[in-house]
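Undergrad: Chains as they are written, first to last, in my numbering: chain C, 1 to 256; chain W, 1 to 256; chain D, 1 to 256; chain U, 1 to 256; chain L, 1 to 256; chain G, 1 to 256; chain E, 1 to 256; chain A, 1 to 256.
Quick caveat, the hints were computed from the structure, so don't treat them as lab data. None of the values given here were measured: they were computed from a predicted structure. Hints should not be assumed to be uniformly reliable.
With a straight-line cut-off of 30 Å between C-alpha atoms, the simulated BS3-like cross-links for lysine-lysine are [claimed, not checked]:
# : chain 1 : residue 1 : chain 2 : residue 2
1 : W       : K82       : U       : K103
2 : C       : K103      : D       : K88
3 : U       : K215      : C       : K215
4 : G       : K55       : G       : K71
5 : L       : K122      : L       : K71
6 : U       : K55       : E       : K152
7 : U       : K122      : U       : K103
8 : C       : K215      : D       : K103
Below, a sample of chain A positions facing chain W; criterion: calculated Cβ distance under 8 Å [unchecked claim]:
#  : residue
9  : K55
10 : A66
11 : G216
The C-beta atom is built at its ideal place from N, Cα and C for all residues, glycine as well.
8 protein chains.
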Amino acid sequence: MEEILKRFSRREMDIEEACGELKLESIRKVKDFARIDINRSHRSGIPEIIFAEGKSSAEVADIAMALATAKDFALISRAREKEAVEIKKRVGENNEFEIARNKIAKTILVKKKGYEFEKRGKIGLIAAGTADRPVADEARVVAEVCGCEVIKAYDVGIAGIHRLVEPLEEIVNARVAAIIVVAGMEGALPSVVASLVEIPVIGVPASVGYGLGGKGVAALLSMLQSCSPGLAVVNIDNGVGAATFAAKCVRGKPKK
Amino acid sequence: MEEILKRFSRREMDIEEACGELKLESIRKVKDFARIDINRSHRSGIPEIIFAEGKSSAEVADIAMALATAKDFALISRAREKEAVEIKKRVGENNEFEIARNKIAKTILVKKKGYEFEKRGKIGLIAAGTADRPVADEARVVAEVCGCEVIKAYDVGIAGIHRLVEPLEEIVNARVAAIIVVAGMEGALPSVVASLVEIPVIGVPASVGYGLGGKGVAALLSMLQSCSPGLAVVNIDNGVGAATFAAKCVRGKPKK
Amino acid sequence: MEEILKRFSRREMDIEEACGELKLESIRKVKDFARIDINRSHRSGIPEIIFAEGKSSAEVADIAMALATAKDFALISRAREKEAVEIKKRVGENNEFEIARNKIAKTILVKKKGYEFEKRGKIGLIAAGTADRPVADEARVVAEVCGCEVIKAYDVGIAGIHRLVEPLEEIVNARVAAIIVVAGMEGALPSVVASLVEIPVIGVPASVGYGLGGKGVAALLSMLQSCSPGLAVVNIDNGVGAATFAAKCVRGKPKK
Amino acid sequence: MEEILKRFSRREMDIEEACGELKLESIRKVKDFARIDINRSHRSGIPEIIFAEGKSSAEVADIAMALATAKDFALISRAREKEAVEIKKRVGENNEFEIARNKIAKTILVKKKGYEFEKRGKIGLIAAGTADRPVADEARVVAEVCGCEVIKAYDVGIAGIHRLVEPLEEIVNARVAAIIVVAGMEGALPSVVASLVEIPVIGVPASVGYGLGGKGVAALLSMLQSCSPGLAVVNIDNGVGAATFAAKCVRGKPKK
Amino acid sequence: MEEILKRFSRREMDIEEACGELKLESIRKVKDFARIDINRSHRSGIPEIIFAEGKSSAEVADIAMALATAKDFALISRAREKEAVEIKKRVGENNEFEIARNKIAKTILVKKKGYEFEKRGKIGLIAAGTADRPVADEARVVAEVCGCEVIKAYDVGIAGIHRLVEPLEEIVNARVAAIIVVAGMEGALPSVVASLVEIPVIGVPASVGYGLGGKGVAALLSMLQSCSPGLAVVNIDNGVGAATFAAKCVRGKPKK
Amino acid sequence: MEEILKRFSRREMDIEEACGELKLESIRKVKDFARIDINRSHRSGIPEIIFAEGKSSAEVADIAMALATAKDFALISRAREKEAVEIKKRVGENNEFEIARNKIAKTILVKKKGYEFEKRGKIGLIAAGTADRPVADEARVVAEVCGCEVIKAYDVGIAGIHRLVEPLEEIVNARVAAIIVVAGMEGALPSVVASLVEIPVIGVPASVGYGLGGKGVAALLSMLQSCSPGLAVVNIDNGVGAATFAAKCVRGKPKK
Amino acid sequence: MEEILKRFSRREMDIEEACGELKLESIRKVKDFARIDINRSHRSGIPEIIFAEGKSSAEVADIAMALATAKDFALISRAREKEAVEIKKRVGENNEFEIARNKIAKTILVKKKGYEFEKRGKIGLIAAGTADRPVADEARVVAEVCGCEVIKAYDVGIAGIHRLVEPLEEIVNARVAAIIVVAGMEGALPSVVASLVEIPVIGVPASVGYGLGGKGVAALLSMLQSCSPGLAVVNIDNGVGAATFAAKCVRGKPKK
Amino acid sequence: MEEILKRFSRREMDIEEACGELKLESIRKVKDFARIDINRSHRSGIPEIIFAEGKSSAEVADIAMALATAKDFALISRAREKEAVEIKKRVGENNEFEIARNKIAKTILVKKKGYEFEKRGKIGLIAAGTADRPVADEARVVAEVCGCEVIKAYDVGIAGIHRLVEPLEEIVNARVAAIIVVAGMEGALPSVVASLVEIPVIGVPASVGYGLGGKGVAALLSMLQSCSPGLAVVNIDNGVGAATFAAKCVRGKPKK
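Next comes chain C alone, as it looks inside the complex (with noise of 0.2 Å):
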């Protein structure tokens, strides 16, 4: 605004330029402010994640590919066969991008070759059955994008709580900044690996489970019901929520 006064008091532009520029400036102010969210990746690792259901196999691809030139990646969720068909056929012959695809996770992530994500901290990742890893595996995949180093233990259940004590002891060792736990079912593991650290726990209900209170409610519910301090939740199956989440936490660890 400055510059644009002293260009004016120089005569380099008359009132009306001057007042039109002003003008701009104050609507850049009020996009700056509702843009707040804008190249939230660039400073937080938080990168924008694509949620393919819903979508169009093309609208994903083409959300991806603008996405993956402008930032150099793209990650997608809830991916399909479809999509990872429709964007090799965009990359093509082109030798600049590759593309992983993680059938478990249902992820598709579209990278420029060479690119590394920046190693910004750890979390901790846990899950209590085999049936859990699809979220787990989704909240990895992200929570690697997001710039963490995911320490994970799979098939940890409270069936056998014995499971437990010595990938716990690991986690906490690696000073993580966060533990997601995946549990469905009854969904008790986050409350016991909460009840046992003094790092902030995030459960993830996994729709696993039959009946009353089956695909996960249970979960959800007895996770907010959890008598233990320090847990909080996101949806059920909401891996990428949990990994951003942490992603966040993280931040605020110093980096060493």
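Knowing the structure of chain C, use the given hints to seat chains W, D, U, L, G, E and A on it.
TA: Then chains W, D, U, L, G, E and A, alone, in the frame of chain C:
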């Protein structure tokens, strides 16, 4: 029936009398089938419990005195002060009966003096938090009346799993027929116990906790969703149901 | 531990070795506590059941073969055709194992030839309607693997209560340790049975019925609300849970 | 209409008057259609019942006196002490009316002295437990006002099915037009009754029971899920609805 | 019984034979009580309907042929193409039976040629929209098999209340014993009909509509909440239940 | 009516004829009342929309052709490929009609060639995310048929509130009669819009989102709970309802 | 902004001052955007309503006096006796304000004496039963404060549809901008009204009714499921929401 | 352990003593594992909070005094007047302790005089409406006890989003470790905040609002459904849970 036929053939009764007797006999048979639960307490040690809610104090007191006179004792659940008052009025100067009211369990026991409940076997009883005590105590009082010795451990929640180790060993070593585990909020304790022991575990959700899944709902759902084998449940706060179920389990155990 | 100390005092091991050995010993102790459920099947007759849903057929088959090799048999619930195919591939020309698939119960049993399940005691099994048969059959197969002899009566609903009389007498006379009662729709049968017998009754709601309260919800709620004493429940369609619970009850009964 | 035309043709009214009269006639016709439920009680024996909840006592009393004056009687449901007080004030020294309050049914009946309800036919009324009595009594009072003779059997639950046999036979033999069955908790009794008789059965869930499915919800759902033919239901605690429905059934029966 | 005693007194049978005979007699009595619903169709015109869902086509066809042979006809609800195929196979060249499949009602009727259903009386049947037709048709087919003449009016919703006037008058004038009203979405039609007529109205919610309260839930709830007297309901889509209830109402009406 | 009376007084019709005519007249009057919604589209611009779900394609096509013939056009919602095929068959070589299918909105419009929808006024239409587009498009197509010019802004969610500013200003400046706001997941956008403008806002929850509160449930509930004044809602995915409501609002605005 | 530039060019302010002034200007712009709802009442006639629940009486009274002083009046909803007392204390001897409390609507209006609400247009207001009156009255009071003339018709339920005809005609003839229809229990009235008129209808479910779907839930769901076009809803008992929405509709109508 | 071995090898203890010591050591190890949460407050600053609901005032006071004596302070949540009275009794003339009761937060803090809570870092705390203040204040008091400096902004709802700008900037600039956002009704504020900042946001639904989705249910569901990244939630009204979670986040931040 043979007896009737013999007496008929000995002419000790004429055909009409025989017919009448046989009809009565047959009616008794029908009734016997129907009445298969009558006098249940004498055979199984599981007496009828009087549920005070939704009845007037006078009604409750009348039923209780009738039962106590006929069967030596009567137990009332969900009883308030006023039922105790009404019963005291009825017992009055009568030295035959004694009254024991448990304010926490909300039970009143009217018993002939000197009457002793037969000891049939042992059960375990574990409660997660102090707020679960009323439900646990209701179960304990009912189980004792049903002839069970109750080995109990209160305030043993998963937020401090270590407190579980010793009492659980004691209960297992006592060779109980079943373990009742009362838990509110996230209700994870019964799952943990069922994963550790080879004894039937009966989960009782307690109406503790607020918000979504509160009042025992999350506890019930997570018990229903438990991945531990050998866990069955009764409804929220149903200490009577858990105790009578456990008492039935006791009967199958050899006495020593 | 004494042994270690002795060998240490005899200079058969130096202080570091002794320290290491003792640490190991102490770790084993921690593990022992944790591992309290390990080898459960050998002591309690309740083996781990492999839940096929949410796992790939290959995973299921691998786990099953490992278990069958180690423990002489493996049982899979909610199994489909493809799991059977995968297991057959693995068994191949091998004459050691035999495979039994129950299409109604949706179970697959892989068993060393000649291996016999120990008979530990009896349970009753009652199903209200033909649509409840898959759940009842799952319970039956699991219970047999857990060492229970199953006395069963199917198609015995309250819309024709008379059909209940004879099979119930047979079950009671067999002195079973527990009775599993499977019922969908209004789910009243377990209440009726529990009001008639002195044996623990485990209600299993079946996901039968449409409209409000359908898919087993009304059945579950009415079992939870039952006024009959001595009725506990497991979740909708949870034949495995009911059978393992009943098997734990059997263990408390003296063998004859 | 003919009359109007005749008078018009006799010049007793001019074209405008005739037109006006005919319009009025036509409006009356429209009104007649609309008013199809007016004076319902005179034809069908089903009077309007005043629902006291959500109205002031004064309002209730005013409506009741107006109805009683016009139709010889008025019935109030869900009435409290204060409505009775207000009505007594209005009746005052007036010898014409008598007031009958049923504290259990929570009804107040204001009736011209000497007025007798026509007897149109019989219905059966069965209640499962003592806690269901208020709902059953509401149904009874309403049914009697609607001209039904009520043959009732209380305290006949499925926890003691044998108690059902004799009263049910009595009800069937009385050739009732419909049977109202009130039941709380698991609400199985209406299903049992409907499976035994050839008479329409109206299930009324009572708001009895606690925990999941409590307050009559399980009862309602299990009645909706009933496998017995010929069972319809009204809402929880809706004794008025069941009684008016039964009264409509009575009208279809020939009087004797 | 008298006969047995007489023969015994005449020495035509010894005490053991008499005892045996009398026991049998008494068993028959027990059975009679139990069997109170056997042969129901012969007395009440309400035969057993075979519910095809959850049964194999072969099972359905076998049961249907057995019933049709014994009782001259069999009715299957929720039947698909494959049940018809199976039944055709069984009927084959046999000229005795004829098969009528209603694709909209999803019913199959197997009937001895020439067999006529007795006409016992009339019922009304009203459906709000075209989407409610399958439920209405199921009710119609079942009612006809139960001996009811059905006076029907389809596509009569409250969004065009005027369409209700004429068919309702026709139904009332036919002096039907009951009116079945099928409605999905907001389900208001049964309330409107019940407010206009003096005949019992049975509301059937149809699983029509999407979003909150969809699939018939809002319809069911608003029927339960109806302020019109004399409205009872069955579960969502339960055309069979409404028709059998209506058929029981018909029995109470004098035939003309 | 006057005409009839005149003709009657002129003896051009006898009393019976006059009576008959007048009755007919009166019936027409009754019908008129009933038929108050008939020809609605001509007066209010809100035609009947044919809901294709739950109807056969042939039925849908027949109704559509009948409507299109009578009213110049017909609009089908929730239409699939097969309805388009059926309609094309019927239109065939006929040059009179043209067919427009919107695959995203799932609508089919059959229209006489050259027929133009009257422009009655403007409405705004805002959609939060790309997944909400089908619902928004349904609303748009319906609104256009109802005579509304639609000013739309898609992909304007609260996760990037800044994108809302410009389109909202455009909509407000266009002086629309109402704004439809479609949003899934947490459904906060309608609240935000209603807090910013002085125009009636109609919230439409879209069935987007998974887990607890998914499929539009959280969106609907949070719109119902909104603290912004002047927000009303329709059911989940109900684009038709929102559009017809908005169209009614348009009629109240003076045209310019 | 031009002004600032001019003064800057005239050297009436130096570059720092100009910069500061321009920044302030730009901040004011940002604020303006944010403050887009400030002073809303002056432009749209929709003032802020003070919701008394969950606030202390003193807080409510303070806010009310502040608003009344600034804007000439303040309206409190869900107000109790104690808020009136607190406000009276504050007004005290002050002759400037007058207080109007509506006990049924539970509103308190504090108003400068002589202040008159501008009349902007008309709305209709229909209530189904007497129990719906508090909600209807809340809507009426709010609407009047928002400048609406309210044409009301109470006690017009579908159990007596004929009562609807005349008041509805009156409302339609008054050319209202919108009709608010309040209904509890089955909530069918808004559907009926919306099917008859060409005016936007806002359904308000009232928390009337007991049992399943009680407290307004069935009413809300059936309004959401309505097949009538042009019906939108607000939450249960939300008279304020309906009235403010209707007031926004009024603004679109030309005044006469 | 080495020490023991050394002393054993030096003959300072015999084999039995060594064995005993080593066993004790090993037990301590087991206990250590179990006791992993013991003394938690000393390490993590997260003390045990006493939840007063469902405990007697005497119990609460006893536990509080014990904790305060051992750990210098004790905090009680959901405390009422009577707990304060009981604690005052116990503190009595004792000059060592001081008591601070927060009536809005419903907390009581008993603290040794002069004891100061360590300042570990900062968190933000935003509340949408005045009705959310009790929940927000509970979170604030708990967070302060856990060593957090709380930067708070109350009454910042989305119905006036502009009020959010300044306080949010202040909070972000303070470099807080986490932001707690309390919101009732539609609960949109946490989503908005999480979309604007790069800090972990913990949503707390407040039990504000009536009708469907009231009492915090809509708020919870919409937070779970949020499309903003980095938002986790705790249960309705769970200020304690949010504060302890935030306090765990603080620990990960470097102190300055």
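Undergrad: Does each hint hold? Answer for all of them.
TA: Evaluation of the provided hints:
no.: 1; hint: K82/W x K103/U; result: holds, 20 Å
no.: 2; hint: K103/C x K88/D; result: holds, 26 Å
no.: 3; hint: K215/U x K215/C; result: holds, 27 Å
no.: 4; hint: K55/G x K71/G; result: holds, 21 Å
no.: 5; hint: K122/L x K71/L; result: holds, 23 Å
no.: 6; hint: K55/U x K152/E; result: holds, 20 Å
no.: 7; hint: K122/U x K103/U; result: holds, 24 Å
no.: 8; hint: K215/C x K103/D; result: holds, 25 Å
no.: 9; hint: K55; result: holds, 6 Å
no.: 10; hint: A66; result: violated, 14 Å
no.: 11; hint: G216; result: holds, 7 Å
When held up to the earlier numbered hints, the structure conflicts with hint 10 and nothing else.
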